[in-house]
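Enquirer: Please model the complete structure; the sequences and the hints are all you need to start from.
Quick note on numbering: the UniProt record's numbering labels position 150 of the sequence shown as 150, and the sequence is numbered without any gaps.
Treat the hints with care, as some may be off.
[As the list claims (entries may be wrong)] Ranges of calculated distance between the beta carbons of each label pair, as one might list FRET restraints:
#	residue 1	residue 2	range
1	R287	R135	28 to 38 angstroms
2	R189	A319	46 to 56 angstroms
3	E121	S239	25 to 35 angstroms
4	G149	R124	24 to 34 angstroms
5	D275	G132	29 to 39 angstroms
6	L62	R301	18 to 28 angstroms
The hints are simulated quantities; they were obtained by calculation from the structure and are not laboratory data.
Note that beta-carbon positions come from the ideal geometry of N, C-alpha and C, so glycine has one too.
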Amino acid sequence: MSEPTRPGDWPRATEAEFGPPRRGEFRATPEDFVVEEILGFAPEGQGEHLWLWIEKRGLTTLEAVRHLARACGVPVRAVGYSGMKDRVAVTRQWLSVHLPGQSAPDDLAARLADCGVNVHEQVRHPRKLKRGVHRANRFQLRLTGEAIGDDLEARWAWLCRHGVPNLFGPQRFGPAGRNLARARALLARGWRKRDDREGMLLSAARSYLFNELTAMRLIDGSWRRLVAGDVAILDGSASQFSVAVVDAELSERADRLDLHPSGVLWGTGASLATDVAARYEGGLAERHAALCRGLEQAGVRMARRALRMRLGQPRLERAESVAQLDFHLPRGSFATAVLRELIDHPTLTLPVEG
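Expert: Right, dumping it as structure tokens:
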């Protein structure tokens with residue numbers, strides 16, 4: 001089993017077929033990168049929590065959370081959100097604020113608008129909005145540059161047919177990969193919650209290890225096909241099952257993107273992978289022993305993530321030197337993982353050593 005020559009410079013799935021992509025530009029303005037949260041259910045219309053459907057520009061989700069808490073006169077912990085959305089983008093998502101037995105300020109929308117947060121809807125619900133409860137995200141992206149050439153449609157069609165490597169995007173690791181460097185240092189001396197209250201550094205370390213494992217399987221082509229001992233994840237759900245023998249039916253289901261092989265998110269506990277799949281994980285543990293050991297000592301629980309994602313409702317439109325992409329991704333998946341298959345841009349590569 002081979003491995004990437006330089007950590008952070010993970011392989012592209014499309015490169016064997018089309019060669020490396022040419023230089024492209026994205027997110028020149030917030031309007032070039034539009035993200036809309038797909039909740040998958042509707043608030044009930046009554047309850048102690050006020051849910052707000054917002055649109056923001058030039059703000060992180062946590063900045064919008066702080067603005068909402070301040071406007072309502074409540075602590076930040078009273079505000080809930082499901083997903084973290086980009087700063088340099090137009091993003092639409094739900095926030096919730098706990099207001100038991102009280103109304104929101106009459107001028108709440110105006111206060112938030114002054115901070116760059118536009119409120120489009122307000123509705124009550126019995127519970128706080130929790131992390132990761134939304135079903136998917138819709139992306140509308142505008143690309144320009146040399147990459148908008150003759151092979152863009154072919155690359156796009158290939159990804160629609162075969163899926164996209166479910167890599168964590170470079171934003172997970174911080175500017176120039178600094179979150180990963182900080183995670184290495186913290187795990188080496190022993191993780192403590194007071195040093196990483198939001199778990200951001202733990203997440204950076206686990207995400208890096210997952211990307212390294214995905215890279216191993218990208219190199220030999222098994223990122224989109226099952227191998228003996230894999231743990232398969234059903235597309236669009238959290239359902240998973242162990243695969244002792246890869247038969248024709250399972251191979252056909254993987255080929256039509258009905259299910260995907262999975263990789264480990266490192267932590268404590270026993271992996272469900274066996275046989276060939278377990279050997280990939282063993283190689284990962286050997287290569288990154290310090291990170292794996294640090295995560296185990298931190299007590300984070302082992303989990304799994306699909307190695308591949310399917311583009312939902314994909315559409316590509318071109319007009320001269322501009323391409324407009326429209327697609328859905330499951331929650332937790334990164335549009336930058338799609339973009340790096342289509343364009344070359346320095347922000348889509350993580351410059352780290354390790």
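Enquirer: Could you run down the list of hints and mark each one as holding or not?
Expert: A quick look at each hint next to the structure:
Between R287 and R135 the beta carbons are some 35 angstroms apart, a value that agrees with the proposed interval 28 to 38 angstroms. Distance hint check: the CB atoms of R189 and A319 are about 54 angstroms apart, consistent with the given range 46 to 56 angstroms. In this structure the supplied range 25 to 35 angstroms holds for E121 paired with S239, their Cβ-Cβ distance being about 32 angstroms. Between G149 and R124 the CB atoms are about 51 angstroms apart, so this pair departs from the stated range of 24 to 34 angstroms.
For D275 and G132, the hinted distance range of 29 to 39 angstroms is satisfied, since their beta carbons lie about 31 angstroms from each other. Checked against the hint of 18 to 28 angstroms, the pair L62 and R301 passes, with Cβ atoms roughly 24 angstroms apart.
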